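**Q** Residues per chain are reported as follows:
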Amino acid sequence: MRFLRRFFARVGNFVMRRRAGERLREEVEEHLAMQMEENIRAGMKPEEARRQALLKFGAVARVVEEHHAEAGLPWIENLLRDLRYALRQLRRSPGYAVVGVLTLALGIGANSAIFLLTWSIVLKSLPVPHPGQLIRYTFRKGESEIGLSYALYQALEKREGVTSGLFAWSNSEATLRRDGQIAKVPIALTTGTIFDVLELQPAMGRGLDPRAGEPGAAYQPEALLSYGYWKTEFHGDPSVVGQSLNIENNTVTVVGVLPQGFDGIGPEEKIDILLPLSFERVLHPTNAALDMRGAFWLAVMGRLRPGEGLQPAQAYLAAIRNQVNEDADPQHVFLNGGFFSSYELGVEAGRGGRSWLRWKYAKPLVALEALCGLMMLLCSANVALLVVSRVSGRLREFAMRSALGASRSRLLAQVLTETAVIGLFGLIGGALLGWQLAYVLVRMISQPGFSVVLQLHAGLQVLLFTAGISIGAAVLAGLWPAWRASHAAPAADLKQTTSGGTVNRLGRWIIPAQVALGVVLLNAALLLASTLLTYLRENSGFDAGDTVLTGANLADSGETSKDLPARDLDYLHQVEAAPGARAAALMSMAPLGDGFSVGNYYSRDPQGNLHVNEQIWPEYVSRNYFSLMGTRILQGRSFNAADASGDSVCILSAEAAAFFFPGKSALGEILNAGDGTERTTEHRGFRVVGIAEDARLASILDPAPVAVYFPIERQDAGAFTYSTLGVRAATPQIAVDTVRRIHSRIFPGAALSHVWLFRDAIDYNLSRQRLLCSVSGGFALLALTLIATGLYGILSRTVTERRREIGIRMALGAQRRQIVTGLARTAALRIARGVCIGAGFAAMAGGLLRSLLYGVAPHSPWMAMATLAVLATVLAFAFVFPARRAATVQPMEAIREE
Amino acid sequence: MKGKTEVRQGTLALMVLKTLDVLGRQHGYGIARRIEQISGDLLAVNQGTLYPVLLKLEQEGTIASEWGASEKNRRARFYRLTRAGRKQLDSETREWEQTTAIIARFFAVKVEDLL
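Residue numbers (numbering that gives the first Met the number 0), protein chains in the order written: chain A, 0 to 897; chain B, 0 to 114.
Treat the hints as calculated values from the structure; they're not laboratory data.
One or more hints might be untrue.
[Claimed, not checked] Taking lysine-lysine and the DSSO-like style, the derived pairs with C-alpha atoms no more than 27 Å apart in a straight line are:
hint: 1; chain 1: A; residue 1: Lys44; chain 2: B; residue 2: Lys71
hint: 2; chain 1: B; residue 1: Lys17; chain 2: A; residue 2: Lys55
hint: 3; chain 1: B; residue 1: Lys17; chain 2: B; residue 2: Lys86
hint: 4; chain 1: B; residue 1: Lys71; chain 2: A; residue 2: Lys55
These numbers come from a predicted model, not from an experiment.
Construct the complete structure from the given sequences, taking the supplied hints into account.
**A** What follows is the structure in structure tokens.
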């Protein structure tokens, strides 16, 4: 209480600039007068009485100072004074200020960008109450994960056990017709239970009916809008509740608005409309995933009962897993021995929701965070060097002040204030830079042609992190110089014109440390770059960078499927005939796309042996597909016009040919559909007319699937409601314009939903590698710059500090060569020490990066040599200029200087 | 300073409070004289150091001050104990007495007493 009262009195005095000095002076005068009188009474002469009174009182100035210190807040006063002084100093040497601020800003910027990404993707919880109680069900085979089927969801929901509720969720897109406009909007389908499980309170209206989507429950055409969509598209109009929307030509009633901040169950989701799961039957009337036991499309999450944890949930799931599989697939077609039996149902913490980005980027981001930390250390070291060389230039000033009575803490505070000012500007610059950088990185990891983009949330945590590392960096950079300044020895430092090798001494530590950090960063960057290059250089079975791929869902336009194949072909022929188009082809599934399907095929050799493969990738393509995509035909021929009718034919990938027809040419042989047993009803045979090179249809990162190509022109190929057309023209823009024009003419009801360049699809496949490569590459470049400037700075400062010594040695007969060799030996020793330390850490870092590398060993000696070569070249440049300066010292001038 | 006892600020503050309690309203010089007399010149109080302590006590609210006329009818600043100050003095006196009593007992104990 008393402390507080006193504190406020002092703050008051400080703020009001109230000065108690006048009052004190009067009091002191009074005091002295009384003492003097008493002394006189005791028999002293007036002068003596005054002198004795003063002696007894003590040093008046000190009392006044103490009194002043007690009255106000001197440390704030000092701080303000230091700040003013620091700003003045920095204005006087703008070059120093700019380099310092820039160095810190780059380090802080990189750190905050990566942390912003890490926070948004990996660390952030769903914006719902008690996210720690949430769990998420997974369906995995090793590294690959797919969704759950609706049957699995139902089976899980029947056996709740440790959870108090479950919900299922699926993202999709739908056509919305409003005020004469057609738009594709991101939607999600979900069960009504989501409002209980996530404890979502609609901002307006009510949630979905909890029973919506249950088997037997009638489909209720109701929807909720996301808060953002309601604000932008409906201008926050409260009367939207009760209105009708036309979604996929269905009338749906808006029953509410989702709470602000909830845009989906993962960081990369931003849905506009939430619909009941049963809407799937509206989206896909003939083949609703809701009714297919083999469709694995749902994210399933639940909330644990109070007191339950993840481990009991996992144990419980292990106990019921077989029963759940049995319930979900009694015929054992997909699970329990079926195609998906290698996938296992699991459960994990659901705090962050479901995120493909997290799955893909959690590991790379951790690696980048580590590199970022090293980067920051390097930046701090450089700024420390900068500050030290500045402080050592001002040591006389500090020594002078120390001699005049400035306390160590005051000198310390002053240098620290100066670095803090640099740090503050660095923080501001870094935050701005980081924000921009984060957006560039987000673009890099976003899927081309799709609107789903990661939502960045620079919350308080990100701000605190950025501020924290800035303070850390400034303290790291300022502490040693500040200590040196505060220990300025008046006797020694005042006498010397140049200080006694402060920078040189610091260099003994900083050069090896910087070189070590540089070795680690450079080696990591080279490993990651080599990984990306390996992927790019490997033969993927495609040569189609400029091909534009376009997709449209014809089913959602109300197109009837009967004449679709014919119109699709018409579409293809019109595009092929359009001026400017060089090649065009239809395909059942876009290479490097999201989807995949597999089928059973077999062959029978003359000995009667069956060669069955149940994991064949069937691709239906029009006849120019191979030339369009740059997939070479190794033997036989490509499809031609005659294949549209007559014999059923196929083209095998090289691996398929080797599998089905080992040891002989596959040309002319027959491939059959089915698994060769009585179980399959289909026994169609396809004559092999060609063999194509293996192409990485699934992903540039994955080995080429065993593929079989069929002519899409045949009537018995079936109708594809989702058609993908690829075109190559003089420029991608011409290709896009051509396709758009013709598509809208032939399918007036359906909008082209996706348009992308094949090269972008490759880039997207490689986005993880590209992210790692470009960020670590940027770090390595920055690190090299910092090391080079650091070495340059230390050497030039050393040459300046030792100018006299060099002059004397030369006067005594030393050769220029000897001077330079001496300088080089010192530098080389320190660099070598750094390389040795760095090599150890680089080996460790390589080991940690192992899982992110491809085609290069984590401890590749080639990469180590490349690292050393680059480092040596850069450092040689940094050495040349100071060395030349040392060599050209004129002995007479140097000695005479003082 | 050798030969004289160093005074901690807290002790000085307690002396100021006690002085004001005994003498009532008093100016700075009077307080200094009183402390000097009682402590028998043993305490190395540079009289000036009293003033920062007075300021601190005033900011804490244990004493209050106003201008007034001295015995010789000169302008002087007078300090007096506030109610909070009196309470503070009481509690600190009690504490002090307890402490001295304990220390005294401690010193009074002889080795034989413990056997």
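**Q** Please work out if Lys44(A) and Lys71(B) have their alpha carbons no farther apart than 27 Å.
**A** holds (20 Å)
**Q** Take the C-alpha atoms of Lys17(B) and Lys86(B), compute the straight-line distance between them, and say whether it is at most 27 Å.
**A** The hint holds at about 12 Å.
**Q** What's the verdict on Lys17(B) and Lys55(A), does the C-alpha distance respect the 27 Å limit or exceed it?
**A** holds (22 Å)
**Q** Can you confirm whether the C-alpha distance between Lys71(B) and Lys55(A) stays at or below 27 Å?
**A** Answer holds: Lys71(B) to Lys55(A) is near 22 Å, not above 27 Å.
The structure agrees with every numbered hint stated previously.
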